[in-house]
Structure formats: structure tokens, C-alpha cells
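Keeping their order, the protein sequence lines are chains A and B. Numbering (my numbering) for the first sequence: 1 to 349. Numbering (my numbering) for the second sequence: 1 to 369.
It is worth saying that the hints were derived from the structure and are not from the lab. Quick caveat, the model's predicted, so the values are computed rather than measured. The C-beta atom is built at its ideal place from N, Cα and C for all residues, glycine as well. A portion of the hints provided could be inaccurate.
Among chain A residues calculated to face chain B with C-beta under 10 Å, some are [what the hints assert, rightly or not]:
no.	residue
1	PRO115
2	ARG247
3	LEU260
4	PRO261
5	ARG334
6	TRP339
Pairs of lysine to any residue residues, derived as SDA-like cross-links and limited to a Cα-Cα distance of at most 20 Å, are as follows [what the hints assert, rightly or not]:
no.	chain 1	residue 1	chain 2	residue 2
7	A	LYS149	B	ALA113
8	A	LYS149	B	TYR295
9	A	LYS149	B	GLU293
10	A	LYS149	B	GLY10
11	B	LYS15	A	ALA120
12	A	LYS149	B	THR159
13	B	LYS126	A	VAL196
14	B	LYS107	A	ALA330
15	B	LYS15	A	GLY332
16	A	LYS149	B	GLU208
17	B	LYS126	A	SER195
A short list of chain A residues far from chain B (calculated; beta carbon distances all over 10 Å) [claimed, not checked]:
no.	residue
18	ASP20
19	ILE34
20	GLU45
21	ASP52
22	PHE56
23	VAL100
24	ASP141
25	GLY215
26	ARG235
27	GLY250
28	GLY274
29	ASP294
30	ARG303
31	ILE336
32	ASP338
33	THR341
Spelled out from the first residue to the last, the chains are:
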Amino acid sequence: MTKPRTGYIRPLDLKNGQVDMTHGSGGRAMAQLIEELFLTAFDNEYLRQMNDQASFQIPAGRMVMATDSHVVSPLFFPGGDIGCLSVHGTINDVAMAGAVPLYLSASFILEEGFPLADLARIVESMANASRQAGVPIVTGDTKVVERNKGDGVFITTTGVGIVPHGVNISGDLARPGDAIIVSGTVGDHGVAILSVRENLSFGTSIQSDTAALHGLVAAMVAAVPGIHVLRDPTRGGLATTLNEIARQSGVGMMLRETNLPIRTEVRAACEFLGLDPLYSANEGKLVVICRQEDADALLEAMRTHPLGQDAALIGEVIEDDHHFVQMETAFGGRRIVDWLTGEQLPRIC
Amino acid sequence: MKYIDEFRDGQLAQKLAADIRREARSDRAYGLMEFCGGHTHAIFRYGVQGLLPDNINMIHGPGCPVCVLPIGRVDSAIELAYRPNVILCTYGDMLRVPGSNRVSLLKAKAGGADVRMIYSSADALKIAQENPDKQVVFFAIGFETTTPPTAVAILQAATMDLANFSVFSNHVLTPAAISAIMGSGEARVDGVVGPAHVSTVIGSRPYELFAEQYHMPVVIAGFEPLDVMQAILMLVRQLNEGRAEVENEFSRAVTRDGNLKAQAMVAEVFELRKTFEWRGLGWVPDSGLQIREKYVAYDAEKRFELPYQSVADHPACECSAIIRGVKKPLDCKVFGTVCTPDNPIGSCMVSSEGACAAYYTYGRYKESR
Numbered sequence: 001m002t003k004p005r006t007g008y009i010r011p012l013d014l015k016n017g018q019v020d021m022t023h024g025s026g027g028r029a030m031a032q033l034i035e036e037l038f039l040t041a042f043d044n045e046y047l048r049q050m051n052d053q054a055s056f057q058i059p060a061g062r063m064v065m066a067t068d069s070h071v072v073s074p075l076f077f078p079g080g081d082i083g084c085l086s087v088h089g090t091i092n093d094v095a096m097a098g099a100v101p102l103y104l105s106a107s108f109i110l111e112e113g114f115p116l117a118d119l120a121r122i123v124e125s126m127a128n129a130s131r132q133a134g135v136p137i138v139t140g141d142t143k144v145v146e147r148n149k150g151d152g153v154f155i156t157t158t159g160v161g162i163v164p165h166g167v168n169i170s171g172d173l174a175r176p177g178d179a180i181i182v183s184g185t186v187g188d189h190g191v192a193i194l195s196v197r198e199n200l201s202f203g204t205s206i207q208s209d210t211a212a213l214h215g216l217v218a219a220m221v222a223a224v225p226g227i228h229v230l231r232d233p234t235r236g237g238l239a240t241t242l243n244e245i246a247r248q249s250g251v252g253m254m255l256r257e258t259n260l261p262i263r264t265e266v267r268a269a270c271e272f273l274g275l276d277p278l279y280s281a282n283e284g285k286l287v288v289i290c291r292q293e294d295a296d297a298l299l300e301a302m303r304t305h306p307l308g309q310d311a312a313l314i315g316e317v318i319e320d321d322h323h324f325v326q327m328e329t330a331f332g333g334r335r336i337v338d339w340l341t342g343e344q345l346p347r348i349c
Numbered sequence: 001m002k003y004i005d006e007f008r009d010g011q012l013a014q015k016l017a018a019d020i021r022r023e024a025r026s027d028r029a030y031g032l033m034e035f036c037g038g039h040t041h042a043i044f045r046y047g048v049q050g051l052l053p054d055n056i057n058m059i060h061g062p063g064c065p066v067c068v069l070p071i072g073r074v075d076s077a078i079e080l081a082y083r084p085n086v087i088l089c090t091y092g093d094m095l096r097v098p099g100s101n102r103v104s105l106l107k108a109k110a111g112g113a114d115v116r117m118i119y120s121s122a123d124a125l126k127i128a129q130e131n132p133d134k135q136v137v138f139f140a141i142g143f144e145t146t147t148p149p150t151a152v153a154i155l156q157a158a159t160m161d162l163a164n165f166s167v168f169s170n171h172v173l174t175p176a177a178i179s180a181i182m183g184s185g186e187a188r189v190d191g192v193v194g195p196a197h198v199s200t201v202i203g204s205r206p207y208e209l210f211a212e213q214y215h216m217p218v219v220i221a222g223f224e225p226l227d228v229m230q231a232i233l234m235l236v237r238q239l240n241e242g243r244a245e246v247e248n249e250f251s252r253a254v255t256r257d258g259n260l261k262a263q264a265m266v267a268e269v270f271e272l273r274k275t276f277e278w279r280g281l282g283w284v285p286d287s288g289l290q291i292r293e294k295y296v297a298y299d300a301e302k303r304f305e306l307p308y309q310s311v312a313d314h315p316a317c318e319c320s321a322i323i324r325g326v327k328k329p330l331d332c333k334v335f336g337t338v339c340t341p342d343n344p345i346g347s348c349m350v351s352s353e354g355a356c357a358a359y360y361t362y363g364r365y366k367e368s369r
């Protein structure tokens, strides 16, 4: 890690200081924030060049690019924070094309008065996530908005990656007869966030599942290069993601409720609040659709990876002109698993 | 999950369904009204109707707190929210219910009104404490289940002498609504699946009067699917035997007298309104609660001199008839076309416990085949 330049009279007060308007003004204070906080944490050869852009060679092949803005409340939650989430989220968006993520950018919108100590914590978390994933943050930006015009910190990350030859994964490739698999328990992140929401805190041991999934994807693509669809079911949860894919591919889906991996604590919390775990967000899970004959090999490959240990076959793609996602319930009935309308809200009584 | 999974056992459901099929006489029809939106939700979510014989017709009643609130009351809340210096707090589903001209509290919020979604009445109190220079109004809705927490909030505000907190009370009473439906004779109801959570507060005793008066069997049931099916079986048995009694399937939570402490708190703070307008049922005497004179300082209707104007439903919307059990969602011309959960015309499409939303979410595949 490079040492910060010593050109400033006083170092940033990362313990008690606050973001102020000068940190976004383009002047010396902003340079100091970038050098002493961002560059120190994210340190890599591209950032060290101190240009407004990162310049790098690209391998031949199909490039993918994804961007994602993160506005999480609260900023720190069980199992993670907005920092690592912003890294994992974009890596996952890139990886869901079957791609190998290469580089990230990070853009911060900071609110005047935001504690520098919290910012440092978030940046450190991003740096760790980026380092662990092996995907460097190579360029970035910082803006400051006046007090009450932001929500502490917003982070936008953009990622680029390369798709290996022979891989063609897209949301419109689900076909009737295909198997639907999830990589693990669903709904964990949403419940972890709810558990620490102001006015709604309840005791639970549930941690966010936030994680970078590109390693798992690489293992899956190696085992079954002909995967049809990959997607990470984030906001709106598994139900919304499957509805998106069903519409994109012009197919229906039939899920089996008894096969869905859901933690008991998540089920209990959702039961208590009148919510449905199928609509609860995930940040470290993926759903994959492949030919039925590839399902066993794919499941085996997934289960050997730490992030896919609880992978489960949850249903199959069917023909349906209405593009409905349905579920055979544990109760023996059948119901639609519809799009989420608005936000999931706890019941009134 | 203990105490949950036992009530969702698929094998038990099949056995119960077989019992119902065996005992339901083929020479008659059974019109059973589930009063509570919670039951409507359970019936659709678990596909209970599909397990019943064709001659058992489940009629969806008015027991969804969001569905029964008339447009005029929504308009009053929106008007209040737009007043300067007012923070209007309410439960989530209320935000999306359209008032006149399809303006909802959510749209008012986007238009600059200070509207806050809360999870409990205590949240509204907290917001009032944190904003002493604002008037914080709790837009209180619901049946007997949500009334005690509102009473507690008012009692706490009085204890704290909180001058910037008030309640816009729209609390309504279940037995009055059931009586209104029975009295109108419009819906062909042979038996009632009695409310779950409401009955934990008021007990089973209040239903005895109209079981007798209308010779109507009532079985109070929990919200789990097996609870509902067991209640249906019990109603079929009562009807076959010509009985009209109040039976309690939900004995694990409901007693004959209910929660006396909660009832006492409600009685301390609230009194009966002479009449209250319901969507679908019109003006129903002794069916709503207003804040007693003793706590008038916390009554938003008085503090803000809120006028009330009755507003007719959208002409194409059949919510009123659906709430009365006279029509089904599919009888409505705008169901699923102009009126969807994302763009509701009527209140029954808003709440997840509304009959139209339940039909739309869980039932439309079956209907489309």
C-alpha cells in the first residue's frame, strides 16, 4: 500500500472529522480526501497514475459492462455495509454474463456532515472486497451535496469484464424443459436489512449474504459452458427475477415450494412481518437456468464451491403464453408467484 | 417452524379436503363468507378453494382495513398531509389507496407533502417527539386489532403532554359490519368464517348475538390454511345439522371474553360514532370509533377542523359490491385491465388482503385457462 503524500499541513481527521463542501470542490481538500483515503485504500497501478481515467489493455473477446448505484439504509448492517455491497453488486452483474470481471470504477456522492470515520470504514470495506475478489477499482469520482440533500453516502460502481469463448448466457435463452437452480438460501439480505431498520428492529442472527459470485460462476461455466441464463436475484428477490426471465424468454416457470432453500430464521421473520421470502433481496445468490440434462453436473460443480454449497433444483421452465411463474405449494395447491408490486410492506393487522 | 408448519401440512390438508367433500351434501350449495382479508389471503396463497368441492363457494367479505375506508376519508388524509407544517404518518398500504382523481398519499408525498410510512403507532409518537415544531398526525385505520395500539399512543401522548401529536381516527368495528351485511340480505351467506386477530381482542361473545339473530353459524378461525379448512368443515357440519352456533376453531388464541385489558384501554380513549361511512356498506350506525372528549386534544378531526365529504367510487369500480360479497373481482370490467396492483382504481386492488389483489396475484392463471 502506498503512503499518503505528506504535502498537507494536517492529515485528514478520520476519527472525528466530517465531510464538508470543500471535499467536493475540486480543490486541495478534495485532493487530500482522495489521496489520503481513497488512493490509500484502493491502491493499484492504475490509480497511482492519478489520471482522470484508467488506461488498460483488453484481451480479445466479448466485453461486458455493468453499472449499479447503491443507496442502502442503514449503511451498515449485519454481514456487510454499503461499501462491500457496491463492489459485490457490480462484480455479480458482470459475472451474470458468464464473464470474468476485470476492473471497477467507483463514484461517491457524499452528504455534507457525513462522518469521515464512517466513510473510512466504508472505503476500507470496499477495498477489502475488491482485493478479495481480485477486481481492482481503477478509477473514480467524488461529489459532495449539501446537508439534507443526500443520505450520507451514495456509491455507484461500474465494472467491465470479458466473456470466455463459447459462452453465451442471456436472460432470453430459457427454454421449456430447462432446469431452474438457485445457488443457496434465499431472502437473507432483505431480512438482515429489515432487522436493523429504524423502527423495525428485531432480534435475529441473520447476516447479509453479500458476496462476489464470479468465482462460483467460473466453476459453473467450466462445468457446463452451455448455461442458458444466469441472474442474481437482488431487489425484488427470486420471484421478481424469475418473472423478468420468464417475460424475456417468453416462457412460464413451475417452482416447487418444498425444494426452495430458505433459512428457518428468514421464514420466521417473514412470517412475523407478513412478508414473503421469495420477494426478499439477496446479494450473494444466483439463479441459473440450464438444460435438464446438464442440471446434475451443474449442481455438483456448484456444491463444491463455498458459495454454492446449498444449491438446489427448484423447478423447471414450462411453456406458457402468459409467462406466469407458478409454484406447487407445500400445501398441495398451486399459485402464481407474481411480480412484486411497489415495496413489500408488513401487514397492518 | 414449530406452531406454523403443523398448520400447513399438505397431507393433513388432503385429509381435511376429503372430509369436507364427504360431508358436504351434493344437493345443496354452501355460501361461506370469510370476513377477514387475512383469510382471503390464506385461501388464495395456499389454493384452498381448489381443494374444496364446487358447491362450497367462498365469499370474500369486507374485512380488509384498507378496502373499507371510503374515498372521502382518504381525501381528508391527503388534504391534511398537504397542510403546511404537518407530518402525516400511516401504515404502508394506505399510501397507495387512490382518493378522488386517483391521487394517493404516495402521489401527495411525491408532490411535496410530508407523508411518513410507519410500522406502529409508537413510531408516530417518536416522530412527534423528534419534530416539536411540526404537527404530527397519525392516520389510524383498522378493525379491533389495530385500535388498542392507537389508544396506547394517545394515552402515552397524554402522559407526556405531547402537544404536537394527534390521531385521525378511522377505526371501525367488525360485528357492526357483519350485521350490516347480514341485514342487507344481498349476499347469499350461509355461514361465516370468523375473524382471527380481531377475535383475540374482542373474544367470541360478540358474534353470539347475530348467530342467534340471523341463524348464522360462525366459526372463528386462525389465518393458517388448515385453520381455514377446519373452519369450513365445522361450518358444513353446523349447516348440515341445522345448527347456528359460534364455534371457536382458533382456541389457541381466542377466548370467549377476549383481551379485557385491551378492551379497557380502547374504552378509555374511544367512544362509538353515531354512524360511519364504509366503502361498500355505506353509512353504518355504531360502526366506527371517535376519540372521547377527555382526549379531544389528540383528535385531529377537531384540531384541524377536518370537513368530511362523501365521494362516490369510480363508476367502473365494483369494489363496493365485492366488499358486500355480492360480486366477485372477475365481475368487474376494469379488473386486471385498467385496474391492477401497480395502478389500482379501487381499494380492493391495493392491499394484499383485498379480494381483487388476491385474485390478481394468485388466481388469474386459473381464470385465464
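Going through the hints against the structure:
1. PRO115: 20 Å, violated
2. ARG247: Violated: closest Cβ of chain B sits about 14 Å from ARG247/A, beyond 10 Å.
3. LEU260: Status violated, d = 14 Å.
4. PRO261: Hint violated; PRO261/A Cβ to chain B Cβ min 15 Å, cut 10 Å.
5. ARG334: For ARG334/A, the interface hint holds, since the closest Cβ of chain B sits about 5 Å away, which is under 10 Å.
6. TRP339: Status holds, d = 8 Å.
7. LYS149/A <-> ALA113/B: 17 Å, holds
8. LYS149/A <-> TYR295/B: Cα-Cα ~38 Å, so violated.
9. LYS149/A <-> GLU293/B: 42 Å, violated
10. LYS149/A <-> GLY10/B: 52 Å, violated
11. LYS15/B <-> ALA120/A: This hinted pair is violated, its Cα atoms lying about 60 Å apart.
12. LYS149/A <-> THR159/B: Violated, because 36 Å separates the two Cα atoms, which is more than 20 Å.
13. LYS126/B <-> VAL196/A: Holds, at roughly 17 Å.
14. LYS107/B <-> ALA330/A: Violated: LYS107/B and ALA330/A sit about 39 Å apart, past 20 Å.
15. LYS15/B <-> GLY332/A: Judged against 20 Å, a Cα distance of about 11 Å means the pair holds.
16. LYS149/A <-> GLU208/B: Measuring from Cα to Cα gives roughly 57 Å; hence the hint is violated.
17. LYS126/B <-> SER195/A: 19 Å, holds
18. ASP20: 25 Å, holds
19. ILE34: For ILE34/A, whose nearest Cβ neighbour in chain B is about 36 Å away, the distance exceeds 10 Å, so it holds.
20. GLU45: 46 Å, holds
21. ASP52: The assertion about ASP52/A holds, with a minimum of 36 Å to chain B.
22. PHE56: Label holds. Min Cβ-Cβ 42 Å, cutoff 10 Å.
23. VAL100: Nearest chain B Cβ is 38 Å from VAL100/A, so the label holds.
24. ASP141: The claim holds: ASP141/A sits with its nearest Cβ about 29 Å from chain B, beyond 10 Å.
25. GLY215: 33 Å, holds
26. ARG235: 16 Å, holds
27. GLY250: 16 Å, holds
28. GLY274: 8 Å, violated
29. ASP294: Holds: least Cβ distance 28 Å, greater than 10 Å.
30. ARG303: Given a closest Cβ separation of 26 Å, the condition holds.
31. ILE336: 5 Å, violated
32. ASP338: 5 Å, violated
33. THR341: 4 Å, violated
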